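J.: Sequence:
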Amino acid sequence: MSKHSMSRRSFLGALSALGLLGTTRSAQAAVSDYKALVCVYLYGGNDGNNMIVPLDSAHYSKYTALRGSSGLALSQQANTLLATRSATLKAVANPVEQSFAFHYGMPEIDALYQQGKVAALLNVGSLYQPLTKAQYQSGQGVPSQLFSHPDQNLQNQAGTPAVAGTGWGGRLVESLGADGHLNAIAVGGNGLFVEGAAVHGNLLPADGQLNLQGMNFWPQAEADTRRTALMQILNAGGTNAVNGAANKALLNGLQLAQELRAANAAAPLSTVFPGYGLTRQLKTVAQLIRLRSQQGPGRQVFFVSQGGFDTHGGQSWQQFDMLRQVSQSVAAFQNALNEIRAEEMVTTFTMSDFGRTLQPASGGTDHAWGNHHLIIGGAVQGGLYGAFPDFTLGGKDDATGRGVWIPQFSNQQYGATLGRWFGAEMDVLENQVFKNELARFPLRDLGFMA
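Numbering-wise, the working numbering puts 296 at position 296 of the sequence shown, and it's gapless, one number per residue.
Because the hints were derived from the structure by calculation, they are not lab data. It is possible that some hints are incorrect.
What the hints assert, rightly or not - Dumping the calculated EDC-like pairs for lysine to aspartate or glutamate here, alpha-carbon to alpha-carbon at most 16 Å:
id, residue 1, residue 2
1, 133, 397
2, 435, 174
3, 62, 397
4, 435, 425
5, 133, 390
As the list claims (entries may be wrong) - Pair by pair, the computed Cβ-Cβ distance ranges are:
id, residue 1, residue 2, range
6, 133, 270, 50 to 56 Å
7, 270, 30, 32 to 38 Å
8, 426, 362, 44 to 50 Å
9, 393, 268, 51 to 57 Å
10, 270, 149, 37 to 43 Å
11, 262, 439, 38 to 44 Å
12, 56, 338, 33 to 39 Å
13, 77, 381, 28 to 34 Å
14, 132, 297, 41 to 47 Å
15, 149, 205, 21 to 27 Å
16, 262, 75, 48 to 54 Å
Keep in mind the model is a prediction, meaning the values are calculated, not measured. No residue lacks a Cβ here, since even glycine has one placed at the ideal position from N, Cα and C.
Given these sequences and hints, build the entire structure.
T.: Laid out in structure tokens, this is it:
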């Protein structure tokens with residue numbers, strides 16, 4: 001296709017592929033400062049049992065007994081665990097001292113933990129309400145499709161086991177009155193997390209580059225003339241509702257592309273990013289945060305992802321490689337936030353399909369339930385929140401007899417704690433963002449945010 005022969009259908013198709021917002025941009029969000037949440041989703045079900053390992057004798061002896069013969073158990077002797085850390089458990093009735101260590105693929109996360117910038121939330125997952133093993137066995141209040149990748153991805157990102165067409169990140173932005181092209185963005189792949197009822201998330205390529213066909217050619221004066229003419233046509237109005245909606249989407253797309261060009265045209269970040277796919281996504285997020293945070297008060301939610309965590313076999317190497325990429329990517333992102341002076345304004349957190357069985361299956365592990373997650377940022381209150389499950393197969397925390405942990409915390413509690421820091425009042429979180437479910441949990445703010 002020549003630069004002068006682009007059809008209207010091709011142009012519409014180019015814009016629709018961008019996942020453009022269907023809402024107009026408001027002047028500013030109804031908040032007085034700037035903050036952003038960045039969800040790092042670990043697709044496949046990260047084995048939290050090996051990401052962070054308890055080293056007290058009761059847990060560690062059972063852990064090594066179960067996982068040792070398969071080669072999955074990590075040890076300090078084999079240098080597969082980093083240095084021993086110790087923390088007083090928080091958000092629990094019995095705040096005992098707990099020793100633990102991170103997986104050896106995560107030295108950067110370990111260093112951030114030592115700086116007080118990492119919180120580990122233990123045994124969190126999909127729940128309608130607090131659940132005991134007796135209730136699980138009777139089928140009372142148990143979420144559906146617990147071990148299904150697609151179902152659990154939707155439940156985690158929706159923040160509810162119920163059927164939902166929106167994500168809790170999108171609903172959170174809406175609850176604060178935030179609106180705009182850059183307020184809800186998935187980078188590198190779709191994410192329900194950023195979808196609201198009215199504010200629809202944008203999908204951007206990992207490198208944040210958008211090139212609209214027919215608007216980029218030489219000389220620039222001709223391209224500018226064509227753009228001006230198109231803007232005049234789209235702003236002309238009319239009585240046809242369908243045409244009006246299409247024109248509105250096209251206008252938003254043009255404005256979004258212009259804002260992304262501004263982000264890419266800014267001075268390059270001096271932070272060195274490794275060459276991973278997740279790192280490219282987070283570099284784009286850092287550039288967009290720099291652009292948006294300079295515009296004044298507002299809120300942004302981002303969704304980035306890393307695949308490869310469905311480790312039914314070859315886990316000892318595969319999980320190391322994946323966690324190494326996550327650790328290095330998140331550390332580079334934190335360095336970039338320091339560079340743009342946004343470390344206190346941005347909180348990064350992990351989510352995943354589910355945890356994995358403590359009992360191995362050959363060289364890997366199977367789908368499970370409760371999992372451990374990390375929260376990283378300058379506003380994070382570092383430490384351990386919750387308690388490690390009882391590592392007894394068939395014990396009080398094990399749903400199936402294979403080390404499938406019944407969560408002690410819910411996704412609603414996880415999201416509400418982040419939401420409080422983000423600026424949402426508790427009644428808004430209970431009645432809008434996590435409607436009819438958050439109120440069932442006695443502890444709604446887990447305390448890991450300042």
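J.: With reference to the structure, classify each hint as holding or not holding.
T.: A quick look at each hint next to the structure:
1. With a C-alpha separation of about 7 Å, the suggested pairing of residue 133 with residue 397 holds against the 16 Å cut-off.
2. Between residue 435 and residue 174 the CA atoms are separated by roughly 14 Å; this keeps the pair inside 16 Å, and the hint holds.
3. With a CA separation close to 14 Å, the supplied pair residue 62 and residue 397 stays within the 16 Å bound.
4. For the hint linking residue 435 to residue 425, the alpha-carbon distance of about 13 Å falls within 16 Å, and the restraint holds.
5. Between residue 133 and residue 390 the alpha-carbon distance is near 13 Å, which keeps this suggested pair within the 16 Å criterion.
6. Residue 133 and residue 270 have their C-beta atoms about 52 Å apart, which keeps the hinted 50 to 56 Å range intact.
7. Separated by about 34 Å at the C-beta atoms, residue 270 and residue 30 satisfy the suggested range of 32 to 38 Å.
8. Range check, residue 426 to residue 362: Cβ separation about 46 Å, and the 44 to 50 Å hint holds.
9. Checked against the given bound of 51 to 57 Å, the beta carbons of residue 393 and residue 268, roughly 52 Å apart, stay inside it.
10. Here the CB-CB span from residue 270 to residue 149 is close to 39 Å, well matched to the stated 37 to 43 Å.
11. Range check, residue 262 to residue 439: about 42 Å between beta-carbon atoms, so the 38 to 44 Å window is met.
12. Range check, residue 56 to residue 338: Cβ separation about 34 Å, and the 33 to 39 Å hint holds.
13. About 32 Å separates the C-beta atoms of residue 77 and residue 381, a value consistent with the hinted range of 28 to 34 Å.
14. Roughly 44 Å separates the CB atoms of residue 132 and residue 297, a value that falls within the hinted 41 to 47 Å.
15. Between residue 149 and residue 205 the C-beta distance comes to about 24 Å, which sits within the given range of 21 to 27 Å.
16. Checked against the hint of 48 to 54 Å, the pair residue 262 and residue 75 passes, with Cβ atoms roughly 50 Å apart.
In terms of the numbered hints stated before, the structure departs from none.
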